[in-house]
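Trainee: As you go down the protein sequences, you meet chains C and B in turn. Just add 1079 to the spot in the first sequence (first one is 1) and you have the working numbering. Just add 164 to the spot in the second sequence (first one is 1) and you have the working numbering.
FYI, nobody ran anything at the bench for these hints, they're computed from the structure. Everything numeric in this text was worked out from a predicted model, so none of it was measured. Where a beta carbon is used, it is the ideal one built from N, C-alpha and C, also for glycine. Errors might be hidden in some of the hints.
[As the list claims (entries may be wrong)] Below, in silico cross-link-like pairs of lysine to aspartate or glutamate (EDC-like), each with a Cα-Cα straight-line distance of 16 Å or less: (1) B:K217 to B:D202; (2) C:K1177 to B:D220; (3) B:K234 to B:D218; (4) C:K1147 to C:E1084; (5) C:K1177 to B:E178; (6) C:K1177 to B:E223; (7) C:K1132 to C:E1146; (8) B:K234 to B:E191; (9) C:K1147 to C:E1082.
[Claimed, not checked] Pulled a few chain B residues facing chain C out of the computed Cβ check, cut under 10 Å: (10) P172; (11) Y212; (12) Y228; (13) G263; (14) T265; (15) G269.
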Amino acid sequence: KNEVEQSPQNLTAQEGEFITINCSYSVGISALHWLQQHPGGGIVSLFMLSSGKKKHGRLIATINIQEKHSSLHITASHPRDSAVYICAVTAGGTSYGKLTFGQGTILTVHP
Amino acid sequence: DAGITQSPRHKVTETGTPVTLRCHQTENHRYMYWYRQDPGHGLRLIHYSYGVKDTDKGEVSDGYSVSRSKTEDFLLTLESATSSQTSVYFCAIRPTNYGYTFGSGTRLTVV
């Protein structure tokens, strides 16, 4: 079983829909990260969370430390949101900031 | 991304040849990482560095070596390239208390 599990693996939506991507992890963490990767593109860091909730534009990320679960929400989705969204964690303790990644969620938003 | 550069961006090499990938940062960060990205496996850590001449192995380090003789440069070497090392390689830096910054990636094909 992977230490970081994402669901769904694939997600298709119509423009304007509210989208949720989930991430569960099995280890103690110091932080959880949400990343975005456009097709053929580089990887961009969206959020770093250790507790609570963060918002940036139409993107909202939440984390529940007790349940070892995080969600990434996209409000009013747009075709330009089509990308792979990756959840990653940095373990607690002396981990040197190494990231452990989920498999990613492929999001396609149709106009 | 500003502050981190990978070279080359693309490379095709023959089995058995040595290959060196370069990651260069201009932001003087202590921590640097090399990851590889493969379909079905996602992103996995190859090696990381926590200072000049301080490096350690990640989960998929076999066949790879690294060097960090200056803060700004982190080199990844494939001593004798194999087809299983065909992948996209990403370098990352870790700005303190913020999300990670990834390089644009190097697409390596071993034929």
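Trainee: Does each hint fit the structure? Answer for all of them.
Mentor: Status of each hint after checking the structure:
1. B:K217 to B:D202: violated, 28 Å
2. C:K1177 to B:D220: holds, 11 Å
3. B:K234 to B:D218: Satisfied, since the Cα-Cα distance of roughly 11 Å is no more than 16 Å.
4. C:K1147 to C:E1084: Cα-Cα ~11 Å, so holds.
5. C:K1177 to B:E178: violated, 31 Å
6. C:K1177 to B:E223: Between C:K1177 and B:E223 the Cα gap is close to 11 Å, so the pair holds against 16 Å.
7. C:K1132 to C:E1146: holds, 15 Å
8. B:K234 to B:E191: Judged against 16 Å, a Cα distance of about 12 Å means the pair holds.
9. C:K1147 to C:E1082: holds, 11 Å
10. P172: violated, 15 Å
11. Y212: holds, 6 Å
12. Y228: This hint is violated: B:Y228 lies away from chain C, its Cβ roughly 15 Å from the closest one there, beyond 10 Å.
13. G263: holds, 3 Å
14. T265: holds, 7 Å
15. G269: With Cβ-Cβ at 6 Å, under 10 Å, it holds.
Figure legend: structure checked against the earlier numbered hints; hints not met, in rising order: 1, 5, 10 and 12.
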